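A.B. asks: As a plain string of letters, each chain reads:
2 protein chains.
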Amino acid sequence: MSTDPTVEVCFSPKLYGHKLTDGKFITVVVDILRATTSICAAFDHGVKEIIPVSGLDEAKEMKQNGYFVACERNGEIMDFADIGNSASDFLRDDLKGKTLVFSTTNGTKTINMARDAREALIGSFVNIQALADYLIEKNENVVIFCAAWKSLFNLEDSVFAGALSELLFDNGFSTDCDSALGAVDLWHRAKPDLKKYLSKSSHRNRLKHLVSDEDFNYTVTLNSTKVIPVLKGDKLELVS
Amino acid sequence: MSTDPTVEVCFSPKLYGHKLTDGKFITVVVDILRATTSICAAFDHGVKEIIPVSGLDEAKEMKQNGYFVACERNGEIMDFADIGNSASDFLRDDLKGKTLVFSTTNGTKTINMARDAREALIGSFVNIQALADYLIEKNENVVIFCAAWKSLFNLEDSVFAGALSELLFDNGFSTDCDSALGAVDLWHRAKPDLKKYLSKSSHRNRLKHLVSDEDFNYTVTLNSTKVIPVLKGDKLELVS
Numbered sequence: 001m002s003t004d005p006t007v008e009v010c011f012s013p014k015l016y017g018h019k020l021t022d023g024k025f026i027t028v029v030v031d032i033l034r035a036t037t038s039i040c041a042a043f044d045h046g047v048k049e050i051i052p053v054s055g056l057d058e059a060k061e062m063k064q065n066g067y068f069v070a071c072e073r074n075g076e077i078m079d080f081a082d083i084g085n086s087a088s089d090f091l092r093d094d095l096k097g098k099t100l101v102f103s104t105t106n107g108t109k110t111i112n113m114a115r116d117a118r119e120a121l122i123g124s125f126v127n128i129q130a131l132a133d134y135l136i137e138k139n140e141n142v143v144i145f146c147a148a149w150k151s152l153f154n155l156e157d158s159v160f161a162g163a164l165s166e167l168l169f170d171n172g173f174s175t176d177c178d179s180a181l182g183a184v185d186l187w188h189r190a191k192p193d194l195k196k197y198l199s200k201s202s203h204r205n206r207l208k209h210l211v212s213d214e215d216f217n218y219t220v221t222l223n224s225t226k227v228i229p230v231l232k233g234d235k236l237e238l239v240s
Numbered sequence: 001m002s003t004d005p006t007v008e009v010c011f012s013p014k015l016y017g018h019k020l021t022d023g024k025f026i027t028v029v030v031d032i033l034r035a036t037t038s039i040c041a042a043f044d045h046g047v048k049e050i051i052p053v054s055g056l057d058e059a060k061e062m063k064q065n066g067y068f069v070a071c072e073r074n075g076e077i078m079d080f081a082d083i084g085n086s087a088s089d090f091l092r093d094d095l096k097g098k099t100l101v102f103s104t105t106n107g108t109k110t111i112n113m114a115r116d117a118r119e120a121l122i123g124s125f126v127n128i129q130a131l132a133d134y135l136i137e138k139n140e141n142v143v144i145f146c147a148a149w150k151s152l153f154n155l156e157d158s159v160f161a162g163a164l165s166e167l168l169f170d171n172g173f174s175t176d177c178d179s180a181l182g183a184v185d186l187w188h189r190a191k192p193d194l195k196k197y198l199s200k201s202s203h204r205n206r207l208k209h210l211v212s213d214e215d216f217n218y219t220v221t222l223n224s225t226k227v228i229p230v231l232k233g234d235k236l237e238l239v240s
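The listed protein sequences correspond, in order, to chains A and B.
Residues 1 to 240 (the working numbering) are what the first sequence spells out, left to right.
Residues 1 to 240 (the working numbering) are what the second sequence spells out, left to right.
Excised from the complex, chain A in its bound form (with noise of 0.2 Å):
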């Protein structure tokens, strides 16, 4: 019987089960449009650490309490909020060295959802390469979280999970997963394009108005950024 660690993908918040959150996988939390990229960028531009928060009441009284607060729910930016959850709201020199409260429509509620993991990462395709070389390094089973868009399967996502899951296969993982097997091959049609791939993607249609061309050629760019976001207690920070 093999020891190799093993890859699963879970396509949705609603197939996460309770054996995904025994203590015994690192999860990698994965929201392409828009939060776990937008968390890279912000990472990547100097902020300290992020708190994540599901709830619009709670990312409100953050705000009164002094916090500086990043928050939408359906792409839109909440009236209270300081900005909205774009990676190209965090390129801003006044947030070096800050602490944020962020919340979006799918993504924060997904990374509250892997407290529990032996370890909550987060993935995006600008940091996928320095998060598979981590996940190398530990040599731990991996389960690829999609927050998905309301629950449903989305293609960004899965295809992220394919492209990470290829990178850790190349490294020794294996899977007895169907969603990984399927993901991979979601990643083989879409990377000799995955711009335009992506575009066809029914969450991209939806967020077009709401995501700049800038913004989705940031989201689509592969390993712009090392960092590796981790869940410590309430707040990500980067990995040590």
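I should point out that these hints are in silico values taken from the structure, not numbers from a laboratory.
Computed from a predicted structure; not experimentally measured.
We put the beta carbon where it would ideally sit given N, CA and C, even for glycine.
Any given hint could be a false lead.
[To be verified] Label pairs and their computed distance ranges (CB to CB):
#: 1; chain 1: A; residue 1: SER151; chain 2: B; residue 2: LYS196; range: 37 to 43 Å
#: 2; chain 1: B; residue 1: GLN64; chain 2: A; residue 2: LYS232; range: 57 to 63 Å
#: 3; chain 1: B; residue 1: LYS150; chain 2: A; residue 2: LYS96; range: 45 to 51 Å
#: 4; chain 1: B; residue 1: ILE136; chain 2: A; residue 2: LEU91; range: 45 to 51 Å
#: 5; chain 1: B; residue 1: ILE136; chain 2: A; residue 2: SER151; range: 16 to 22 Å
#: 6; chain 1: B; residue 1: ILE136; chain 2: A; residue 2: ARG206; range: 48 to 54 Å
#: 7; chain 1: A; residue 1: LYS196; chain 2: B; residue 2: ARG92; range: 51 to 57 Å
#: 8; chain 1: A; residue 1: LYS96; chain 2: B; residue 2: ASN112; range: 54 to 60 Å
Starting from the structure of chain A, add chain B where the hints point.
C.D. replies: Okay, now just chain B, sitting in the frame of chain A:
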């Protein structure tokens, strides 16, 4: 705004939301390994009607009441049952014109979940073209509902969903469902050698000692029959 009929794909019973049971969709239930393939085989060999039951107790009671019962759990025939659920189990003359009771691990539960659909049809590779022709003629919105494996995404049902989606897209159906778009891409990967592609499925591997080569060959052979089973009340019969 387009009035084309739409196609959606649901990869797991856990993702089968309330909107899919509001009577606005024709639902195609899919459990390639093995329920829906075997149901098609049974009708193709002259069975008159099939009563799908979810629970073991119910299946056992039906047996005591004199019904001919096909029943498995996790791919193994139950001791009280007459036969299992392999396609080859139904290639016998004494079932012609009969009523069967049918219960499997995933398939019959999924069929019963589709009761509130406008119409609930049974799909598999063996009847895919006949099914597509029927749906094209009906010209109504379609949900392809995968039984999955213990609620987890599986390749064989998803690839079938992609194959059927493509036949519908080629005939005026549209979608804004990422699952349907992803399923079509998986179908394109699988199509050149469906048998080889599905041999990598974890579900196929799990069932390997229980699914004979003969049954697997039958399962991946397209269009061996034109039967279209439909749920009417508590029974499956052929569409009229």
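A.B. asks: Each hint should be assessed against the structure and marked as holding or not.
C.D. replies: Status of each hint after checking the structure:
1. In this structure the hint that SER151 (chain A) and LYS196 (chain B) lie 37 to 43 Å apart at CB is violated, the actual value being about 33 Å.
2. With their beta carbons about 59 Å apart, GLN64 (chain B) and LYS232 (chain A) fall inside the hinted range of 57 to 63 Å.
3. With their beta carbons about 48 Å apart, LYS150 (chain B) and LYS96 (chain A) fall inside the hinted range of 45 to 51 Å.
4. A hinted range of 45 to 51 Å holds for the C-beta pair ILE136 (chain B) and LEU91 (chain A), which are about 50 Å apart.
5. Checked against the hint of 16 to 22 Å, the C-beta distance between ILE136 (chain B) and SER151 (chain A) comes to roughly 30 Å, which is inconsistent with it.
6. For ILE136 (chain B) paired with ARG206 (chain A), a C-beta distance near 28 Å fails the hint of 48 to 54 Å.
7. Evaluation of the 51 to 57 Å hint for LYS196 (chain A) and ARG92 (chain B) yields a pass: the beta carbon distance comes to about 52 Å.
8. For the hinted restraint 54 to 60 Å between LYS96 (chain A) and ASN112 (chain B), the CB-CB distance of approximately 57 Å keeps it satisfied.
This entry does not satisfy hints 1, 5 and 6, going by the numbered hints stated previously.
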